[in-house]
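One line per chain: the protein sequences are A and B, in this order.
Residue 319 in the working numbering sits at position 319 of the first sequence, with consecutive numbering throughout.
Residue 340 in the working numbering sits at position 340 of the second sequence, with consecutive numbering throughout.
Don't read these hints as lab results, they were simulated from the structure.
Small disclaimer: the values here were computed from a predicted structure and weren't measured.
The C-beta atom is built at its ideal place from N, Cα and C for all residues, glycine as well.
It is possible that part of the hints are untrue.
[Stated by the list, open to error] A few chain A residues that face chain B, going by a derived Cβ cut-off under 10 Å, partial list only:
1) H364
2) D465
3) S469
[Said to hold, decoys possible] Where chain B lies over chain A, by a calculated footprint (3+ residues, C-beta under 8 Å):
4) 328-334
5) 347-354
6) 371-380
This is what each chain is made of:
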Amino acid sequence: MTSAIELVAIDKSFGSVRAVRGVSLAIEKGAITGIVGENGAGKSTLMSILYGLYHADSGEIRVDGTPVRMASPHDAIAHGIGMVHQHFMLIDTFTVLENLVLGAEGGPLLAGGLAAARAELERLEREYGLTVDPDARVADLSVGEQQRVEILKVLFRGARILILDEPSAVLTPQETDQLFRILGTLKERGVTIVLITHKLREIMAATERVFVMRQGEVVAERRTADTDPEELAELMVGRKVRLRLDKAAPRPGEVRLKAEHLGLTDARGVKLLDDIDLEVRSGEIVGIAGVSGNGQTELLQVLSGIRPPTAGGFTVCGRRVDADHAIDPGAMRDLGLAHVPEDRHRQGMVAAFRAAETAILGYHDEPPFSRNYLLQTPAVGAHCAELMERFDVRPRLTGLRSSSFSGGNQQKLVLAREMARRPKVLLVGQPTRGVDIGAIEFIHRELVKSRDAGCAVLVVSVELDEILSLADRILVMFAGRITGEIPAERADERSVGLMMTGSA
Amino acid sequence: MKPLPRWADIVLMPLINIALAFVIVGIIVAVIGVDPGKALKLLVVGALGSSESIGYTLYYATNFIFTGLAVAVAFHAGLFNIGGEGQAYIGGLGCGLAILALDRYLPAWAMIPVAVAAAALFGAAWAAVPAWLQAWRGSHIVITTIMFNFVASALMVYLLVNVLIAPGSMTPQSRNFAASGKLPQVHELLDRLGFQVAPSALNLSIVLAIACCFLAWVFLWHTPWGYALRTMGHNPDAAIYAGTNLRRMTMLAMCLSGALAGFVGVNELMGVHQRIVLDFPAGYGFAGIAVSLMGRNHPLGIVLAALLFGALQQGGAELAFDVPTITREMVVVIQGLVILFCGALAHLPRPWLQYLLAPRAEP
């Protein structure tokens, strides 16, 4: 085996945290290599070192056997290494071609560079079979096509080694399959590919060799053919993990949340939500599957009272909400609706606040936290300590800044806050985004517990596995509409995946 | 690198910053041919050397506390209020109008609270317009508050020249307030208690300033509204999620900010001038931004920063008086350097301090 890249004893610390500890690994030339690990295991840090974004404290990087210095991404590109980021680095209003030449314009006048780029793009298309319209505006492309542009951008700069960071986070299962077919073609043409992911299914489907990282170290190297998801999960977490969630059959009761012809049109006239009908009963978990950006965010915003609907309406615990009868999130809480937002950093917490302050967000003007117009600091602290105990939030420091907790612990704190009042309806967006496997188990169990206690739970997630294991009933959203409903016991990745593209 | 210990961050860093500023000031002073040691001594003695100079230092500090707090309250809500100058001006107008209207009928114990309330109300009202424009129309508050400074200035000139001018006067200022519209001077009060201090402009406004500090602290950190206000400042999306009406909260924060700035009018007009005059805010509104920045937007820090700025103002005036080559503009340069080092370059000494204070390798 010849190695395209060798990393030797790489070490990297941030402050007192050793993010990468003595990692040595070799990436085989012309193959697809996977790197798996939980959030914070050091995969992205390691790849950022390889790409020149960070500098290793010690250790050596070898490309084709020769030691190199990666001072910046320029060096990496010069050595033929390219990176496709999880979040696309494209300019929406530019055409594909314009995006391609960005940073490599080739002279003070654009025309020459663009013409050369067009010729090069045609060559790449012929060679790798990556078709994309060079004159289309990026904003008009689908997410899968945008990713193709990202890959083309990297190839355009002459990369022979491609690093993909969580490439499927924004894709449907079908688009992911397509991506893997493209990667297969690239591999046949001799491109070396490194795939960073936390999805075991993708490792199994696409890679030939896999490195497992845990707490900054490479704990295992396997030939993909010789391993299975259970073993990889165990290696990632360091203990046995049950990938399937055990839960009893649901016992649905009264309808707590009911939407009829719910619609939302934004100021430009774009229909974000279109004629949505749904029903959530007490004692059941309804899951909403779909690729991110198909209206799930807006649905949660409307159902939680953050945005009023523009058409149709919905009923929460007997209260009717529509365009003429708007409601604010505070009043929703009073009705018994709790909301764990999709993006805890943007909505669910205040990074600069102490944990105790984040733990009363939304409830800050209610007793026992507020009495006689004053915040009751002792009661606030005690409440937070209780939540931390019940949901095993670590460290148990109520005075610590919210941003100092790990993603999983932040999520547990937000979840604990919203579940503390025993809500009648619980809306949960991306319950386990950026949360490690250990905490995922815990959060799923808590959601099922609150279902069994009679809460009506609506879960929105882009992780299809999560929806499949949590939900009793699955609704699929595509382009702002509900394109299908399917009971959990009859759902599988294929059937739901097809609905996610709106083609079923 | 380890982060600095709290005490070093809060106490040591500002002191080093001030020292650095004075090193540069010393060099500049030496260049224009004045002995830096002598100049520093004059500055310090001028600010703190006698009961009179301390009185003036505190009187200036009072204005800086009001405008610093005004900036801080808005800042905690994520709003950058640059309009302290105009709000102080219009606050003074409110206070003055109340006194001109009522000073012949009300005794001091009734006149003073009414005038103080009027200052707050007018200051708040002047801030409410940009706040409303921001909350409902999306006009950026930085732009509108700056523009409102000019509007306030023009309005005051018009009023003083055409409407409020004392009959028969050639200067654009109102008639003198009656005795009931005058805030007691601190030296008079101390005199009555048997302490002899030299007369200065220091008046009871300083008590109001300290009370405002305490109330601002309680409001921001110990009431649900303060909580919601800070949530909005840190993370507006989280505030919406929590059920806070951002429009109303913007109005609340700006009105409080404007009211605090308006109290400059109380200190200046009721405490010192005894009539409505032109240009009494004299830059205090703008300096409030620096005071708040230096005081880390915390009332206690603002008091300390205001004392420093007050001392610079008073000591600088004395310095300019004693040394002819050091002009008023030179004093402004000194203030500017302190702002530069404590504000814009506040983190300059951090790496050195981190190195110096880093725990040595343990055996």
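Hint-by-hint comparison with the structure:
Checking H364 (chain A) against chain B: minimum C-beta separation of about 5 Å stays under 10 Å; hint holds. A hinted interface residue such as D465 (chain A) counts as satisfied when its beta carbon comes closer than 10 Å to some beta carbon of chain B; here the least separation is about 27 Å, so the hint is violated. Interface restraint check: S469 (chain A) against chain B, minimum CB-CB distance 27 Å, threshold 10 Å, status violated. For the region 328-334 of chain A, the stated coverage by chain B is satisfied: 6 residues place a CB nearer than 8 Å to a CB of that chain, which reaches the threshold of 3.
Counting residues of the region 347-354 of chain A whose C-beta lies closer than 8 Å to any C-beta of chain B gives 7; at least three are required, and the coverage claim holds. Restraint check on the region 371-380 of chain A versus chain B: 4 residues with Cβ-Cβ distances below 8 Å, three needed, restraint holds.
Hints 2 and 3, counting from the list given before, are not met by this structure.
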